[in-house]
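Undergrad: FYI, the numbering for the sequence shown is 1 to 304, going by UniProt numbering.
Worth flagging that the hints you see were computed from the coordinates, not collected in a lab.
One or more of the hints may lead you astray.
Below, computed lysine to aspartate or glutamate pairings styled on DMTMM-like, alpha-carbon distance capped at 20 angstroms [claimed, not checked]:
{"#": "1", "residue 1": "Lys124", "residue 2": "Asp280"}
{"#": "2", "residue 1": "Lys100", "residue 2": "Glu46"}
{"#": "3", "residue 1": "Lys100", "residue 2": "Glu67"}
{"#": "4", "residue 1": "Lys126", "residue 2": "Glu215"}
{"#": "5", "residue 1": "Lys89", "residue 2": "Asp54"}
{"#": "6", "residue 1": "Lys154", "residue 2": "Asp219"}
{"#": "7", "residue 1": "Lys140", "residue 2": "Glu46"}
{"#": "8", "residue 1": "Lys100", "residue 2": "Asp54"}
{"#": "9", "residue 1": "Lys140", "residue 2": "Glu56"}
{"#": "10", "residue 1": "Lys71", "residue 2": "Asp169"}
{"#": "11", "residue 1": "Lys126", "residue 2": "Glu115"}
{"#": "12", "residue 1": "Lys124", "residue 2": "Asp34"}
{"#": "13", "residue 1": "Lys140", "residue 2": "Asp54"}
{"#": "14", "residue 1": "Lys89", "residue 2": "Glu142"}
{"#": "15", "residue 1": "Lys100", "residue 2": "Asp31"}
{"#": "16", "residue 1": "Lys140", "residue 2": "Asp31"}
{"#": "17", "residue 1": "Lys71", "residue 2": "Glu60"}
{"#": "18", "residue 1": "Lys89", "residue 2": "Glu56"}
{"#": "19", "residue 1": "Lys154", "residue 2": "Glu56"}
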Amino acid sequence: SGHVTRLGLSMVEFPLPPHLTCAVIKAASLDCEDLLLPIAAMLSVENVFIRPVDPEYQKEAEQRHRELAAKAGGFNDFATLAVIFEQCKSSGAPASWCQKHWIHWRCLFSAFRVEAQLRELIRKLKQQSDFPRETFEGPKHEVLRRCLCAGYFKNVARRSVGRTFCTMDGRGSPVHIHPSSALHEQETKLEWIIFHEVLVTTKVYARIVCPIRYEWVRDLLPKLHEFNAHDLSSVARREVREDARRRWTNKENVKQLKDGISKEILKKMQRRNDDKSISDARARFLERKQQRTQDHSDTLKETG
Numbered sequence: 001s002g003h004v005t006r007l008g009l010s011m012v013e014f015p016l017p018p019h020l021t022c023a024v025i026k027a028a029s030l031d032c033e034d035l036l037l038p039i040a041a042m043l044s045v046e047n048v049f050i051r052p053v054d055p056e057y058q059k060e061a062e063q064r065h066r067e068l069a070a071k072a073g074g075f076n077d078f079a080t081l082a083v084i085f086e087q088c089k090s091s092g093a094p095a096s097w098c099q100k101h102w103i104h105w106r107c108l109f110s111a112f113r114v115e116a117q118l119r120e121l122i123r124k125l126k127q128q129s130d131f132p133r134e135t136f137e138g139p140k141h142e143v144l145r146r147c148l149c150a151g152y153f154k155n156v157a158r159r160s161v162g163r164t165f166c167t168m169d170g171r172g173s174p175v176h177i178h179p180s181s182a183l184h185e186q187e188t189k190l191e192w193i194i195f196h197e198v199l200v201t202t203k204v205y206a207r208i209v210c211p212i213r214y215e216w217v218r219d220l221l222p223k224l225h226e227f228n229a230h231d232l233s234s235v236a237r238r239e240v241r242e243d244a245r246r247r248w249t250n251k252e253n254v255k256q257l258k259d260g261i262s263k264e265i266l267k268k269m270q271r272r273n274d275d276k277s278i279s280d281a282r283a284r285f286l287e288r289k290q291q292r293t294q295d296h297s298d299t300l301k302e303t304g
């Protein structure tokens, strides 16, 4: 209808992109925001991975990054970010930990602050009496991916030919998994994926990827094709129409007022210029002239 929904009102409080905010709120409704908040914070800062130019250091950095991905299960780039966040935060020397694992400490430090801000927003949101509550019995890695699907369903892609995936947003654009992903070179084992963003270089790459199941997004995908932009803008159109109507009404009122004044003046002029008015005016003029002549004669007699 074009009106802001209850979810929309909650989302505007968060300093995050809409899809990421939606995933965080979904996690909060399931009481598992601890899984999503570190990821949301990490995605809110610059790329945390250091990728050296020197070939020797580059190999070392890639090895460290693969080890971190393995600790997250080796199949979910979103979960890898959560592992980096938690391990760095729990280490006694976070700056040294980042240096060892080829991670930007400055970015992690910013992510810690963002996570604290998001946690406070979620705390306030969950205190509202009408905040939706849900339950789900399943492993954490599945809950995490289901929550991500709630926000990232517009970034769903299905494997097409070979290592290529096809987006399901109605355009059917071909994308490839970015080489930095833990799922790179595992494409043939995958069917459906979601991704955080698209990076265009020599190819169109999907960056920050995790596999999903079709049934998790089956009911969400039609929303990409069913919404009507014309209907969504109906409220704005009505407001514009009402504003235009008010301006037109005001203009007409002013015009009518002016017309009324003009008509009144015209009536007075018409009354002044009819035959009777002219005759009366001539009589008054002659009377005044005769009175002045009489006054002048009386004055001469008195002086004579």
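Undergrad: Are the hints correct? Go through all of them and say.
TA: Comparing the hints with the structure gives:
Under the criterion of a C-alpha separation no larger than 20 angstroms, the hint pairing Lys124 with Asp280 is inconsistent with the structure, at around 86 angstroms. A hinted pair counts as satisfied when its Cα atoms are at most 20 angstroms apart, and Lys100 with Glu46 qualifies at roughly 19 angstroms. For the hint linking Lys100 to Glu67, the alpha-carbon distance of about 12 angstroms falls within 20 angstroms, and the restraint holds. For the given pair, Lys126 sits about 28 angstroms from Glu215 by alpha-carbon distance, which is inconsistent with the 20 angstroms threshold.
A C-alpha spacing of about 28 angstroms is found between Lys89 and Asp54, which places the hinted pair above 20 angstroms, so the restraint is violated. Restraint check: the Cα-Cα separation between Lys154 and Asp219 comes to about 12 angstroms, which is no more than 20 angstroms; the hinted pair holds. Taking the CA atoms of Lys140 and Glu46, the gap is about 26 angstroms. The hint is violated against a cut of 20 angstroms. Restraint check for Lys100 and Asp54: satisfied, since their Cα atoms lie roughly 16 angstroms apart, inside the 20 angstroms limit.
About 37 angstroms separates the Cα atoms of Lys140 and Glu56, which puts this hinted pair outside 20 angstroms; it is violated. Using a Cα cut-off of 20 angstroms, the hinted pair Lys71 and Asp169 is violated, with the two alpha carbons roughly 32 angstroms apart. For the proposed pair Lys126 and Glu115, the alpha carbon gap of about 16 angstroms is at most 20 angstroms, so the pair holds. A hinted pair counts as satisfied when its Cα atoms are at most 20 angstroms apart, and Lys124 with Asp34 qualifies at roughly 15 angstroms.
Distance restraint check for Lys140 and Asp54: the Cα-Cα separation of roughly 38 angstroms exceeds the 20 angstroms cut-off, and the hinted pair is therefore not satisfied. Among the hinted pairs, Lys89 with Glu142 is inconsistent with the structure: their alpha-carbon atoms are about 24 angstroms apart, more than 20 angstroms. A C-alpha spacing of about 34 angstroms is found between Lys100 and Asp31, which places the hinted pair above 20 angstroms, so the restraint is violated. Using a Cα cut-off of 20 angstroms, the hinted pair Lys140 and Asp31 holds, with the two alpha carbons roughly 12 angstroms apart.
Between Lys71 and Glu60, the direct Cα distance comes to roughly 17 angstroms. Compliance with the 20 angstroms bound is thereby established for this hinted pair. Proximity of Lys89 to Glu56 is assessed by CA-CA distance (about 28 angstroms); at most 20 angstroms being required, the pair is judged violated. Between Lys154 and Glu56 the CA atoms are separated by roughly 39 angstroms; this puts the pair beyond 20 angstroms, and the hint is violated.
The structure shown violates the earlier hints numbered 1, 4, 5, 7, 9, 10, 13, 14, 15, 18, 19.
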